[in-house]
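Visitor: Now for the letters of each chain:
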Amino acid sequence: MACSELVEIVTDYLEGTLPAAELARLRDHLTSCDGCQAHIAQMRATVRVLRSAPEDDASPALADALADMFHEWAGSR
Amino acid sequence: MGRLEVTDVGEADLLAALRRGDEQAFRDLVQRHQATLLRLARMYTPNQAVAEEIVQETWLAVLRGLDDFEGRAALHTWMARILVNIARRRSGREARSTPLSALARDEREGSDPAVDPDRFLAGGRYAGHWASFPDDWSGVPEQVLLSGEVYAVAQAAIARLRPAQRMVITLRDVQGWPPEDVCTALEISDANHRVLLHRARAKVRQALEDYLRQV
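Each protein sequence line maps, in turn, to chains P and E. So for the first sequence, the numbering used here puts the first residue at 1; every next one is plus one. So for the second sequence, the numbering used here puts the first residue at 1001; every next one is plus one.
Keep in mind the hints are simulated off the structure, nothing from the lab. Don't take every hint at face value.
[Said to hold, decoys possible] Some chain P residues flagged as far from chain E (calculated, every beta-carbon gap over 10 angstroms):
| # | residue |
| --- | --- |
| 1 | A20 |
| 2 | R25 |
| 3 | L30 |
| 4 | A41 |
[What the hints assert, rightly or not] Covered, in the sense of this in silico footprint (three residues per stretch, anywhere, with C-beta under 8 angstroms from a C-beta of chain E), are these stretches of chain P:
| # | region |
| --- | --- |
| 5 | 11 to 17 |
| 6 | 45 to 53 |
Here the structure is a predicted model, which means the values were calculated and not measured. The beta carbon of each residue, even a glycine, is placed where N, CA and C say it ideally should be.
So that you can see chain P by itself, here it is in the shape it has in the complex (with noise of 0.2 angstroms):
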């Protein structure tokens, strides 16, 4: 396996959905080459990275406005 074919099927690899055939072919690959399993490593960190989002706050008048609205769907009930 070339190294520009193991980038694009990391995902599958990481998603547990490759073919068992391409898995033995991509972990064979592996066991030789450092330079893809930096690649590997760099995609579980970017994940990593993006399950370390901050969460998002509403403003106060968000708040507000989804009461009103509440009130105003339960008075039309």
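Go by the hints and put chain E onto chain P.
Guide: Just chain E now, with coordinates in the frame of chain P:
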């Protein structure tokens, strides 16, 4: 709050209470889902006020559609789908509305290499192998990686993605949704979702690599 782990606990009870007009149930549901909805809305607009309008409109549609919601999909995927439709309708750029599923299909055609082809050897015995190895990030401390600063770089990269890629990576990786929920909310196939996720992650990875080389 807003992450998947907390959304399923007691949600059926909250919905039943909401159908009876229980305001506390509404507040609890808002509390649970607000961050996710807001983040999704922010995918469509950089403007916080507009994003909040989209969220408000979504809640109104949720309340109005409550009696028709059969619970076949999870509440969060149903709400996400409502929000996406509202946001897309409002957004001028996408007003002539190509369905997201069509945008997703387009992504499967054409090439969009995950890594710059110049990073690989073009010929010789080792054609297709790394010309220069990717950086080893194992030396980057986790507290640096998970600092807000690195996330901000990732966020900027997400903002530059095409819409379908942006939605998929936001739901899967930022919100931590499982693949099936993302596919339901965005009405795309599992294979399409994986192509979109792959391309999106590849671009974010590249942005992080560029950034981490400088620090």
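Visitor: For each hint given before, does the structure comply? Return the numbers of the non-compliant ones in rising order.
Guide: 4
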